[in-house]
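The hints should help you fit chain B onto chain A, whose structure is shown.
Those sequence lines, one after another, are chains A and B. Count along the first sequence from 1, add 17, and you get the number used in the working numbering. Count along the second sequence from 1, add 112, and you get the number used in the working numbering.
Because the hints were derived from the structure by calculation, they are not lab data. Some clues are possibly wrong.
[Stated by the list, open to error] Here are a few chain A residues that face chain B, going by a calculated C-beta distance under 7 Å:
1) Ile71
2) Pro164
3) Phe165
4) Ile295
5) Ile298
6) Ser302
Even glycine gets a Cβ: it sits at the ideal position worked out from N, Cα and C.
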Amino acid sequence: MPEIAAPAIIKPRRPHILARMFRALRLPMNDPFAVAGLLIYLLFIIVAVFADQIATHDPTEILYTPAYDLAADLRPGQDGFLMGTTSLGRDIFSQLVFGSRSALLIGITAAFMVALIGSVIGLVAGYFGRWVDAILMRLADIAFGIPFLPFVIVLAAFLKPSIWNVVIAMALVLWRDTARVIRSQVLTLRTRGYVEAARVAGSSDFKIILRHIAPNILPLSFLYGSIAIGWAILTEASISFLGFGDPDSISWGYMLQDAFASQALAKQAYYWFVPPGICIILVVSAGFFITRGYENILFPKLSR
Amino acid sequence: MKNFKAVGGRLLQLALVLWAVVTILFVMFRLMPGNPMAAYIDPTFTLEQQQQLMAQFGLDKPLWQQYLIYLGNLLQGELGQSFRYREPVGQRIWILLPNTLILTFSSLIVAYVFGILAGAYLAWRRGSWVEQAAIPLVLTTRAMPEFWLGMVMLAIFSFSLGWLPAGGTRAPGAEYSGFLDLYTSRDFLAHLALPAATLAIYSQGLPLLLMRSNMLDVMKEDFVTMARIKGLSNWTVVVRHAARNALLPVMTSFAIAVGYQLQGNVVVESVFSWPGLGRELVNAVAASDYPLAQGAFLMIALVVIFMNLLADLLYAFLDPRISHA
Numbered sequence: 018m019p020e021i022a023a024p025a026i027i028k029p030r031r032p033h034i035l036a037r038m039f040r041a042l043r044l045p046m047n048d049p050f051a052v053a054g055l056l057i058y059l060l061f062i063i064v065a066v067f068a069d070q071i072a073t074h075d076p077t078e079i080l081y082t083p084a085y086d087l088a089a090d091l092r093p094g095q096d097g098f099l100m101g102t103t104s105l106g107r108d109i110f111s112q113l114v115f116g117s118r119s120a121l122l123i124g125i126t127a128a129f130m131v132a133l134i135g136s137v138i139g140l141v142a143g144y145f146g147r148w149v150d151a152i153l154m155r156l157a158d159i160a161f162g163i164p165f166l167p168f169v170i171v172l173a174a175f176l177k178p179s180i181w182n183v184v185i186a187m188a189l190v191l192w193r194d195t196a197r198v199i200r201s202q203v204l205t206l207r208t209r210g211y212v213e214a215a216r217v218a219g220s221s222d223f224k225i226i227l228r229h230i231a232p233n234i235l236p237l238s239f240l241y242g243s244i245a246i247g248w249a250i251l252t253e254a255s256i257s258f259l260g261f262g263d264p265d266s267i268s269w270g271y272m273l274q275d276a277f278a279s280q281a282l283a284k285q286a287y288y289w290f291v292p293p294g295i296c297i298i299l300v301v302s303a304g305f306f307i308t309r310g311y312e313n314i315l316f317p318k319l320s321r
Numbered sequence: 113m114k115n116f117k118a119v120g121g122r123l124l125q126l127a128l129v130l131w132a133v134v135t136i137l138f139v140m141f142r143l144m145p146g147n148p149m150a151a152y153i154d155p156t157f158t159l160e161q162q163q164q165l166m167a168q169f170g171l172d173k174p175l176w177q178q179y180l181i182y183l184g185n186l187l188q189g190e191l192g193q194s195f196r197y198r199e200p201v202g203q204r205i206w207i208l209l210p211n212t213l214i215l216t217f218s219s220l221i222v223a224y225v226f227g228i229l230a231g232a233y234l235a236w237r238r239g240s241w242v243e244q245a246a247i248p249l250v251l252t253t254r255a256m257p258e259f260w261l262g263m264v265m266l267a268i269f270s271f272s273l274g275w276l277p278a279g280g281t282r283a284p285g286a287e288y289s290g291f292l293d294l295y296t297s298r299d300f301l302a303h304l305a306l307p308a309a310t311l312a313i314y315s316q317g318l319p320l321l322l323m324r325s326n327m328l329d330v331m332k333e334d335f336v337t338m339a340r341i342k343g344l345s346n347w348t349v350v351v352r353h354a355a356r357n358a359l360l361p362v363m364t365s366f367a368i369a370v371g372y373q374l375q376g377n378v379v380v381e382s383v384f385s386w387p388g389l390g391r392e393l394v395n396a397v398a399a400s401d402y403p404l405a406q407g408a409f410l411m412i413a414l415v416v417i418f419m420n421l422l423a424d425l426l427y428a429f430l431d432p433r434i435s436h437a
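Just chain A, same shape as in the assembly (with noise of 0.2 Å):
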């Protein structure tokens, strides 16, 4: 019985990479809010990635109606039109559907890079101390007196249009806040006695940050992500409300703006420009939920 003759192989069953970083997560699954939001974000990430199949016209094409004339500012229903269409001919359903596209591929890079850049700073500055910390957190004063939405705009209007202007915007200004909470973490965690056993241990500064501090400053990453994805939307959609978005991506802020500047508030084309912001409402106020969901987790003495 050769499975009986080597017994000293067998290590304690580990779970999957994959479901450890999920359980490291700390997702807050029992709060009614935090599902709900991860549900909408669920919806929207589903409608975004079938964009192709749900959307019943091109975003971009100008259509026509049965009769030949232009289908410019339809209601909604008529012609078949669901949601009715832009003064251009443009059905605005389908640019809805698009629009998520361009939303969630912003929020989630800028998120993912918010919390990158603000995680490793935060790990760096709170770790080694010293000059090294005066230096990145004096940086981080400059990044908190930089006024973030007129940065975008100088920047969009001297890099080509572009959506991820607002993506390179927020990496550049955006960490700060991400870096200082991280920060503060790290330093109390450094004086744990797992975090001095691992020195005293001989660990390398690397293996310690990576093994020891990293993961439990994962779910503080997680939560400013989420708030970084709320906050890449909502810049998105201002920058090209103010004409510096990019004229060929199809998007909620783009829709207002077309909307705006086509007279739709005195046409009373309420079917025009409350259905973007009402998307932009629901994906935000997602990742708010998901917040306090996490920081009842996280700072537990505010639930009773």
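Positioned in the frame of chain A, the structure of chain B alone reads:
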């Protein structure tokens, strides 16, 4: 003595941040594609005239010299000439600044009065259905794009109901003899109502949530328990003992909110064609009027930086337990 040293350190930090922001601004605007003079120079100018103009603006000198001239000019409060208006940038900014400040402060004061009262009330009614319903609602107002809220307000109150004017600061053709005359006129206040309400709805969430969580913290402290044991009425405990202490951090957050509001103004002013700094910045950037864009940006950044400083100092002075470490 220790306090003076701490404040000195904080002022040194302020100088560093100011210098860094000014330098970033210089680099950004000098890296702009194309000739910064392109918008200013008429194509009919001769080459000689163009070079003369370049020399006048110091653009023929090496970059480091331009940088020193720029720093020197800033120290003297010299912001250059606007390409579009053909007038000093400083003058233009002084015309627009009152409009922006009035909008910012009127909306923030409304937001803070409401937010503080509602936040204290919600903390008092912790666990009730009012609180359960109010908190998600408040979070939703924080999730709204400000300009979209402005659009909806415009569509309802201006275009559908026709109650309030759609933009600007005064009715077309209206003339006012003076500063005070304009800002206290019915006409001006009617124009102010919608943009200020938009900003107030967006901003009330911060003081409300802060006040609520501070109240919840304070209510657990010993001196509140002590007040209860003394047999003081619920009202006295909540208002006289708890609320006063919970108010401190909310008041310091006001300074930070002014800085944030100024950034948010950029979009809201554009929606309501409000002639303020933010809208001017957007227009200047769109029209490649770099000196004006740079000046408006700098002005907004200055307010943000000083408000951050004010918040820090206020916090330390109001609550002696906080030390400048």
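Under the criterion of a CB-CB separation shorter than 7 Å, is Ser302 (chain A) in contact with chain B as hinted?
4 Å, holds
Given Ile298 (chain A) was flagged as interface, is its beta-carbon under 7 Å from a beta-carbon of chain B?
5 Å, holds
Taking the closest Cβ pair, is Ile71 (chain A) under 7 Å from chain B?
Violated: closest Cβ of chain B sits about 23 Å from Ile71 (chain A), beyond 7 Å.
Can you verify the interface hint for Phe165 (chain A): is its Cβ closer than 7 Å to any Cβ in chain B?
6 Å, holds
Residue hint Pro164 (chain A), partner chain B, criterion CB-CB below 7 Å
5 Å, holds
Given a cut of 7 Å on the nearest C-beta pair, is the interface hint for Ile295 (chain A) held or broken against chain B?
Since chain B brings no Cβ nearer than about 9 Å to Ile295 (chain A), farther than 7 Å, the hint is violated.
This entry does not satisfy hints 1 and 4, going by the numbered hints stated previously.
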